[in-house]
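Participant: Here is how the chains run, residue by residue.
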Amino acid sequence: MAKKLNVNPNRMELSRLKIRLKVAKRGHKLLKDKQDALIKAFLQKARTLKDLREKIEKELEECYRSFLLARAQTFPAMLEQALMITGSGLSLKMSHRNIMSVLVPVFEVEQGDSSLNYGLGTTTGNLDVALEKFARLLPDLIFLAAEEKALRLMAVEIEKTRRRVNALEHVLIPSFQETIRYITMKLDEQERANLSRLMRIKEIVRSH
Amino acid sequence: MTRSIDYGYAVSRLRAMENRLLDPGAFQRLLDSEDLPSAIRVLSETSYGKWILEQQQENQFEPAIEAELQYVYSEAERFVPDPGLYQLCRLPYDIHNIKVLLKGLFNQKRGGVRRMDLLTALGNIPVDDLVMAIESEDYRLMPFGFHRTVPECVMLWEQAHDILQVERLLDEKLFSLQLLIVGVMPFDGARLFVRHRIDAENIRNLARLKRMGYEAAQAAPFFHNGGFVSLDRIVSLINEPFEGWERLLAFADVSKALSGGQEHADLDSLLVDLERSIDDYLTGVLEKFRYSSFAPENVLYFLWKKEIEARNVRIILVGIGNGADKAVLRRLLRHV
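In order, the protein sequences belong to chains A and B.
Take the first sequence: its letter number 124 is residue 124 in this note's numbering, and every next letter is one higher.
Take the second sequence: its letter number 195 is residue 195 in this note's numbering, and every next letter is one higher.
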């Protein structure tokens, strides 16, 4: 049973509580709508992202396969030495997008010229292939990271909204209703007591 | 000046050392291993076993391969009359060490880190001497003309901050030095090998640059002088389709390395096979000397085979350790 609030049982409190109940019910409806919309958007995004992730994982596997060929044919220190200094750059601009009050990150990737930055004498051709594949995949990887972050933020927001909806539905609204019922009963009782007191007084006056 | 006849003893020693080379059966057993630990167990039954036992961590094989190469080079130093023959094979490691130190130096200036762990003892120049010379900027005592090349690299970096220029200069130095070393030796086979190697390297670079979409003018600085095929001819090939390279280079021996190029759908898959066939082609260049008991080229042949063997072992172990397809690994293996 919902716990009633610790308030004075008077008319002012009653009307204040009635207003709060009305607001809580309206908030509950809005939050419930938000939760439903968020879940719908979340599921839609999750389905799209699953496909994207599978596609990128497949491409990544291909990249690593090429890199494995390069690694297998090169003295490992030479491979690491070749990649010690890189000349190509990548600039990342970050902004935010609002999806139902969830601020999700949006990345804009600008890839610089992926020019050759290692000597050809001590490396193999597979390294070129692998690095080129990695460079091609990088914008997609960043996009996937941003989308997955958005999905995670949406999941957190859904969880938060669900808690709020539950708190309103199972705690706040019942306790308001309980308190209103209690105050109403109290006021009715007061009125009845008042009435019987007045009748008693009237009876005493009449007998004299 | 050493004469060919002085190589009788050296060749005998090399014949004895050939027992250290892995036979096809050993490669087959390595390939048949289910996982990395079992492959390392198979390897430990070979000449690499001594070095594998010294490893402190399980499943470590790279230090063992390096130690075996180091042992073979130091053994060869003991009985090969002309140091040039083994210096030739160790030069790429010197170049690698210099690149590690220079890149570390450049990185450090930009707030990065140095990577001393990447230095290898396989080079001709002792690592400590190299570190001392480059760290103290006292290049005077650096051998092989590096006393001029290293400051030139530093200057290039300071002017343009373009690591590719430094890399190109050092790669160029590697081949010019190899030519210089064989130039003073009276062995035609060694000279032949280096010139064929330059041709092969140029073809390899050509394929890589063509795949990357380089134009002739951009690609020209990546090729090395001294091969049998002129640089102009090599550069002009970049505008030709790969399928035609074999025909256009038919006059040169290196065209043998290009046979079978038509079977590939794209340059990506071609590169894998091209690198293998180039190594096999270079093995073939030296192979004809193996039947001469006094040919100094036997030294080069043995050391080259050891390098190729180390590469094959690495291909198998890395592949098995990462669950690569065995058919792919077999395709990568060089002929030993």
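Honestly, the hints are just simulated from the structure, not real lab data.
Errors might be hidden in some of the hints.
Claimed, not checked - Where chain A lies over chain B, by a calculated footprint (3+ residues, C-beta under 8 Å):
| # | stretch |
| --- | --- |
| 1 | 21-28 |
| 2 | 50-62 |
| 3 | 78-84 |
| 4 | 99-113 |
Claimed, not checked - If you want the ones that stay clear, here's a sample from chain A, every Cβ over 12 Å from chain B, calculated:
| # | residue |
| --- | --- |
| 5 | Leu69 |
| 6 | Leu83 |
| 7 | Val129 |
| 8 | Leu198 |
The structure presented is a predicted model; accordingly, all values stated were derived computationally and were not measured.
All C-beta atoms in this analysis are idealised placements derived from N, C-alpha and C, irrespective of residue type, glycine included.
Participant: Please go over all the hints and tell whether each is borne out by the structure.
Facilitator: Cross-check of the supplied hints:
no.: 1; hint: 21-28; result: violated (count 0)
no.: 2; hint: 50-62; result: violated (count 1)
no.: 3; hint: 78-84; result: violated (count 0)
no.: 4; hint: 99-113; result: holds (count 6)
no.: 5; hint: Leu69; result: violated, 6 Å
no.: 6; hint: Leu83; result: violated, 10 Å
no.: 7; hint: Val129; result: violated, 5 Å
no.: 8; hint: Leu198; result: holds, 91 Å
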